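Colleague: The listed protein sequences derive, respectively, from chains A and B. The first sequence begins at -4 in the numbering used here and counts up one residue at a time. The second sequence begins at -4 in the numbering used here and counts up one residue at a time.
Since the hints were made in silico from the structure, they are not lab data. Model, not experiment: these values are computed from the prediction. It is possible that part of the hints are untrue.
[Unchecked claim] Derived pair list, reagent style DSS-like, types lysine-lysine, alpha-carbon separation capped at 25 Å:
1) Lys72/A - Lys97/A
2) Lys1/A - Lys72/B
3) Lys1/A - Lys51/A
4) Lys51/A - Lys72/B
5) Lys72/A - Lys18/B
6) Lys18/B - Lys47/A
7) Lys51/B - Lys72/B
8) Lys47/B - Lys18/A
9) Lys1/A - Lys97/A
10) Lys97/B - Lys72/B
11) Lys47/B - Lys51/A
12) Lys1/A - Lys47/B
13) Lys154/B - Lys18/A
14) Lys18/A - Lys51/B
15) Lys47/B - Lys47/A
16) Lys51/B - Lys18/B
17) Lys1/B - Lys47/A
18) Lys1/A - Lys155/B
19) Lys72/A - Lys51/A
20) Lys97/B - Lys157/B
21) Lys72/B - Lys47/B
22) Lys1/A - Lys1/B
23) Lys97/A - Lys47/B
24) Lys18/A - Lys1/A
Protein chains: 2
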Amino acid sequence: MNLPSKYIERAVEQLSSLPGIGKRTALRLVLNLLNRSEGEIDQFAQAFIDLKAHTKTCIVCGNISDHSCCSICSNDKRDRSTICVVEDIRDILAIESTSTYKGVYHVLGGVISPMDGVAPSDLSVVQLIDRAQTVDVHEIIFALSPTMEGDTTNYYLYKKLKDFDIVITTLSRGVSVGTELQYADEVTLSRSILQRQPFTI
Amino acid sequence: MNLPSKYIERAVEQLSSLPGIGKRTALRLVLNLLNRSEGEIDQFAQAFIDLKAHTKTCIVCGNISDHSCCSICSNDKRDRSTICVVEDIRDILAIESTSTYKGVYHVLGGVISPMDGVAPSDLSVVQLIDRAQTVDVHEIIFALSPTMEGDTTNYYLYKKLKDFDIVITTLSRGVSVGTELQYADEVTLSRSILQRQPFTI
């Protein structure tokens, strides 16, 4: 693309550096921004500067927060003896939106993936072991994605944590609510048969 | 979504104000930005401030440019007696990328669309008529989208321009290059039969 202005070029370059946004989409977004007032553009730009300047990482769990300790970790009503290990803060949002979990979290920052060059040392594994040792933790829930990388990470963490006096659990796997049985994949279906549950009403 | 930081909330709000970007996508983009350095974020934000501050609208054609007259209008090699009327600057980029057009452009800024509240007065129609009157224009090409709104606008412009001594043309319509004939829609196919061309080799 031969853009008519170097400022459009730079803005397109910046927007297309975001994941999932190509040059064409970026140009469409830039033209939308060009139609806004100077004040609106300032607000737009300031939002990202403030984002970087003012957000902090929770010193306890690694969640992102406005304070040094996040609203979940600083909430006295949460059960601090149960830690749910997640990949990133979007998983916290997903679990929080169910309103069924009352424990605290630990953000791992990713999963072990040799293909993407992510080693255990890139994740907050040491911090998790520290928490398991120092605080009175009763249960650690592995809530990583049900992928090969997630399973590898689960296994790695299990090996590190199994000698502590802590119950280690993982999210149940089985058929999704609301799907037709015939469309469930074989691995999920076979797992849901093997791990069948007592019927309750 | 109950976001853990008001700064994340604001950044998500700003990004999701862009067309085609929802709250979930915006959050993914914001988390990507959070992983960047302060310098990179400053560059990101500055690109939009510069965009608004330094880009100008070409006084002749309405194209966006770094100067008051765009690189096409100020190019002596372009044929100023032929004006191609387009909807927005993305259409200029598309036509320029074909390298087959040597004339100049006129950016209309949209098409007449009563449903979206776009009236002829919202477009640069007066400026087009001025150009047709003052400069020695030989041909005006309508290159608007082949939609009902585009056709309405073509008709409106034709009524305004038909009394000038100017050839008025429009982009040819027909089957796209590389498509299978059986998948062409009926209107396009019937038009391509009615407007059939002498066969050349």
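Colleague: Looking at the structure, which of the earlier hints fail to hold?
Modeller: 3, 4, 5, 9, 11, 13, 16, 18, 21, 22 and 23
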